[in-house]
Structures are given as C-alpha cells and as structure tokens.
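Engineer: Protein chains in written order, with numbering that gives the first Met the number 0: chain A, 0 to 124; chain B, 0 to 173.
What the hints contain is simulated information worked out from the structure, not anything from laboratory work. Quick caveat, the model's predicted, so the values are computed rather than measured. Even glycine gets a Cβ: it sits at the ideal position worked out from N, Cα and C. Mixed in with the good hints there might be a few duds.
[To be verified] With a straight-line cut-off of 27 angstroms between C-alpha atoms, the simulated DSSO-like cross-links for lysine-lysine are:
| hint | chain 1 | residue 1 | chain 2 | residue 2 |
| --- | --- | --- | --- | --- |
| 1 | B | Lys165 | B | Lys99 |
| 2 | A | Lys6 | B | Lys99 |
| 3 | B | Lys165 | B | Lys4 |
| 4 | B | Lys37 | A | Lys6 |
| 5 | B | Lys165 | B | Lys3 |
| 6 | B | Lys99 | B | Lys4 |
| 7 | A | Lys6 | B | Lys165 |
[Said to hold, decoys possible] So the derived list for chain A, only partly shown, Cβ under 10 angstroms to chain B, looks like this:
| hint | residue |
| --- | --- |
| 8 | Arg8 |
| 9 | Trp10 |
| 10 | Asp11 |
| 11 | Ala15 |
| 12 | Ala22 |
| 13 | Gly64 |
| 14 | Tyr66 |
| 15 | Ile72 |
| 16 | Gly75 |
| 17 | Pro85 |
| 18 | His91 |
| 19 | Thr92 |
| 20 | Pro94 |
[Claimed, not checked] FRET-style restraints, in silico, Cβ to Cβ:
| hint | chain 1 | residue 1 | chain 2 | residue 2 | range |
| --- | --- | --- | --- | --- | --- |
| 21 | B | Trp160 | A | Leu27 | 12 to 22 angstroms |
| 22 | A | Leu19 | B | Ala151 | 13 to 23 angstroms |
| 23 | A | Leu28 | B | Lys99 | 25 to 35 angstroms |
| 24 | B | Glu22 | A | Thr2 | 20 to 30 angstroms |
| 25 | B | Gly171 | A | Ala26 | 38 to 48 angstroms |
| 26 | B | Trp160 | A | Leu60 | 29 to 39 angstroms |
| 27 | B | Thr76 | A | Leu48 | 17 to 27 angstroms |
| 28 | A | Leu19 | B | Ser98 | 35 to 45 angstroms |
| 29 | B | Val70 | A | Thr83 | 18 to 28 angstroms |
| 30 | B | Val66 | A | Thr80 | 29 to 39 angstroms |
| 31 | A | Thr69 | B | Leu62 | 31 to 41 angstroms |
| 32 | B | Glu22 | A | Gly46 | 43 to 53 angstroms |
| 33 | A | Gly46 | B | Gly73 | 19 to 29 angstroms |
| 34 | B | Val66 | A | Leu27 | 32 to 42 angstroms |
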Amino acid sequence: MRTLATKPRGWDAAVAAAILLLAGALALLLFLPRASAPVSVQIYQNGALLYELPLNVDTELVIGGDYENTVTIHDGTVAVTHATCPGEDCVHTGPQSRAGRSIVCLPNRIEIRLVGEADVDIVVH
Amino acid sequence: MTVKKLTLTAILTALALALGLLERFLPISLLIPLPGVKLGLSNIVTLSALCVLGTPYAAAILLLRAVLGSVFSGSVTSLLYSLAGGALALTAMAIASRSKRLSVYGVSMIGAAMHSIGQILAAMAVIGSVSIVSYLPLLLVISAVTGALTGAATGGVLVGWDAYRKRMPSGGSL
Numbered sequence: 000m001r002t003l004a005t006k007p008r009g010w011d012a013a014v015a016a017a018i019l020l021l022a023g024a025l026a027l028l029l030f031l032p033r034a035s036a037p038v039s040v041q042i043y044q045n046g047a048l049l050y051e052l053p054l055n056v057d058t059e060l061v062i063g064g065d066y067e068n069t070v071t072i073h074d075g076t077v078a079v080t081h082a083t084c085p086g087e088d089c090v091h092t093g094p095q096s097r098a099g100r101s102i103v104c105l106p107n108r109i110e111i112r113l114v115g116e117a118d119v120d121i122v123v124h
Numbered sequence: 000m001t002v003k004k005l006t007l008t009a010i011l012t013a014l015a016l017a018l019g020l021l022e023r024f025l026p027i028s029l030l031i032p033l034p035g036v037k038l039g040l041s042n043i044v045t046l047s048a049l050c051v052l053g054t055p056y057a058a059a060i061l062l063l064r065a066v067l068g069s070v071f072s073g074s075v076t077s078l079l080y081s082l083a084g085g086a087l088a089l090t091a092m093a094i095a096s097r098s099k100r101l102s103v104y105g106v107s108m109i110g111a112a113m114h115s116i117g118q119i120l121a122a123m124a125v126i127g128s129v130s131i132v133s134y135l136p137l138l139l140v141i142s143a144v145t146g147a148l149t150g151a152a153t154g155g156v157l158v159g160w161d162a163y164r165k166r167m168p169s170g171g172s173l
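Let's have the full structure, built from the sequences with the hints guiding it.
Structural biologist: And the structure:
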C-alpha cells in the first residue's frame, strides 16, 4: 500500500496555484490578441468547413448529421438555439460574438468558430 | 494476484461505474455549460485503487470502467474521451503520489487537471481542430476545485481503509 498523506500540505497549495496559473496564462494567450471585431462565422463538421457566414447578417440554418443543430446568427452574435443531441452543451454555451470564441457540439462533431479579420492563431508581443 | 486483490478490483470497478452513473444525475453542466464538465467522482476510485492496490490494478479498473461505461451509455466517443483523460490522469497521479510533499489533495488536483487536458486532446483529435483548446482554461480552474473535492473524499476512503485494516486479524493484507 502506498502511503499518501490525507491532510492537506503546503505543496498542495502550490499545485492549485500552478493549475490556476496555467489556466490564466492559457486564457491570456488565447483570448487577448483576438479582441477585435469578428467578421465571419465558420461552421465545421468532422473538421471540414461547411459554411462561412458573415456575423452581421441575421440568418438561421439547420445542420444535420447524427443529430440536428439549429444555428442562429442574430444582432452580431451566433448561437446554437436548438439541438437534438444529448446534453445540449452547445445550446447552453449561449450566444458568442468575439473572435476566437467557438461553440462546439461533440456528439454531432460540429464546431462553430468566430474568425477575426486577421486570421492568426496567436500574436505574441 | 491474490483472490482478495481480484475481488477488490471487481468491487472498485462496480463502484466506479455506479459513481459515473450517479454523476449524470448531478446537473453540474447546467451550472457550467461546457462540454466535459463533471465532478469526476470516479477519480475517488482511481486514486484509492492507486494507493491501496497499486498502479496496474488502478489501470485495469480504469480500462474496465471506460469500456463498460460506454457500453451502458451507448456512446463510443465518450469511451475515447474517458480513456484519454483517464490514462493521462492515472499516469500523472502514479508519478505524483510518489512525492512525499503532496497529500491526496495535491495528487487528486493533478489528476483532475490532467484529465481535462487529456479530454481536450482527444476532442482536438476527434474534431480535427486546435481551437477547442479555448475551453481548457476554464476546465482547468474547475478541475482544481473538483480535484480538491474528490481528494478530500479519497482522503476519507484511505483513512477508513486504514482503520479497517487495523481491525482485521490478518492485518488487512491483500
């Protein structure tokens, strides 16, 4: 039997701090450089681009596959407003408007990406 | 392998499956609407098995739980996510638990964080895109919290197991 302390120790706090630090650094790296207004909504299924739509034109479309997802673009935001997949995480994600954000439906393998004007992954200053 | 170890492995596998099922009734994904968010109650079993039975048994329980769990839920992709997350978490916890400076809390948090990372890596492979990594920061923050909670629960299990062993005439040898 491996003996492991059952009371918290000082280094546990260091582990928690390291995880939070990693999360913070990753969030900064991912979201900061893409604060500019997004231009288009890309909808991927199984990694293949299905649609590329402007975010400023209101529209609604239904994506098939194993399940059905209704994607609604309205007032400069995109949201999955209805889905037949189990869990409906994509619907609960809610409307997104900033470049770099995405809405994902894992059961139907759909990814909705908001792509900004400059199509770069990461900008390091 | 003794009969005691084999039996305990089977019991722990059943327990992990039951906890995984119980978890579906806890609507944590309604509070935090992200794919893959869960309490990770099965991690209590994985970490307890790691401490009580050792790494090979913990790996066997993990594999059985992932396969049987996806049979019960009928989802093949969930098998991939739980295997990728679970294998990474178990490996990290097996290494971390050798440290004398960490308690169950730290080891459990490392496991939870690695589970999130493994899941995201699997999702990146399934969807064929890297941008899903944008979920990772929030998932990591949540896993620090859930990891501490399951760590506390595992601590309770280990204390109970120790007390049980001391009561046994055989000294609780496996």
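Engineer: Hint by hint, say whether it matches the structure.
Structural biologist: Now for the hints, and whether the structure bears them out:
1. B/Lys165 x B/Lys99: Distance ~23 angstroms between lysine 165 of chain B and lysine 99 of chain B Cα, so the pair holds.
2. A/Lys6 x B/Lys99: 12 angstroms, holds
3. B/Lys165 x B/Lys4: 18 angstroms, holds
4. B/Lys37 x A/Lys6: The given pair, whose Cα atoms are some 24 angstroms apart, holds under the 27 angstroms limit.
5. B/Lys165 x B/Lys3: Status holds; Cα separation ~16 angstroms.
6. B/Lys99 x B/Lys4: This hinted pair holds, its Cα atoms lying about 25 angstroms apart.
7. A/Lys6 x B/Lys165: 20 angstroms, holds
8. Arg8: Holds: closest Cβ of chain B sits about 5 angstroms from arginine 8 of chain A, inside 10 angstroms.
9. Trp10: 4 angstroms, holds
10. Asp11: Since the shortest Cβ distance to chain B is 4 angstroms, the answer is holds.
11. Ala15: Interface hint status for alanine 15 of chain A: holds (5 angstroms vs cutoff 10 angstroms).
12. Ala22: 4 angstroms, holds
13. Gly64: 13 angstroms, violated
14. Tyr66: 12 angstroms, violated
15. Ile72: It is violated, given that the least Cβ distance between isoleucine 72 of chain A and chain B is near 18 angstroms, above 10 angstroms.
16. Gly75: 19 angstroms, violated
17. Pro85: Constraint on proline 85 of chain A satisfied, holds at 8 angstroms.
18. His91: Histidine 91 of chain A check passes; min Cβ-Cβ to chain B is 3 angstroms, inside 10 angstroms.
19. Thr92: For threonine 92 of chain A, the interface hint holds, since the closest Cβ of chain B sits about 6 angstroms away, which is under 10 angstroms.
20. Pro94: 12 angstroms, violated
21. B/Trp160 x A/Leu27: 12 to 22 angstroms: 42 angstroms, violated
22. A/Leu19 x B/Ala151: 13 to 23 angstroms: 18 angstroms, holds
23. A/Leu28 x B/Lys99: 25 to 35 angstroms: 34 angstroms, holds
24. B/Glu22 x A/Thr2: 20 to 30 angstroms: About 29 angstroms separates the Cβ atoms of glutamate 22 of chain B and threonine 2 of chain A, which means 20 to 30 angstroms holds.
25. B/Gly171 x A/Ala26: 38 to 48 angstroms: Holds: the Cβ-Cβ distance is about 46 angstroms, inside 38 to 48 angstroms.
26. B/Trp160 x A/Leu60: 29 to 39 angstroms: 55 angstroms, violated
27. B/Thr76 x A/Leu48: 17 to 27 angstroms: 21 angstroms, holds
28. A/Leu19 x B/Ser98: 35 to 45 angstroms: Hint violated: Cβ distance 19 angstroms, outside 35 to 45 angstroms.
29. B/Val70 x A/Thr83: 18 to 28 angstroms: 23 angstroms, holds
30. B/Val66 x A/Thr80: 29 to 39 angstroms: Once the Cβ atoms are compared, 36 angstroms apart, the range 29 to 39 angstroms for threonine 80 of chain A and valine 66 of chain B holds.
31. A/Thr69 x B/Leu62: 31 to 41 angstroms: Roughly 38 angstroms apart at Cβ, these two residues keep to the hinted range, so it holds.
32. B/Glu22 x A/Gly46: 43 to 53 angstroms: Given about 29 angstroms between the Cβ atoms, the range is violated.
33. A/Gly46 x B/Gly73: 19 to 29 angstroms: With Cβ atoms ~24 angstroms apart, the hint holds.
34. B/Val66 x A/Leu27: 32 to 42 angstroms: 39 angstroms, holds
Going through the hint list in order, the structure does not satisfy hints 13, 14, 15, 16, 20, 21, 26, 28, 32.
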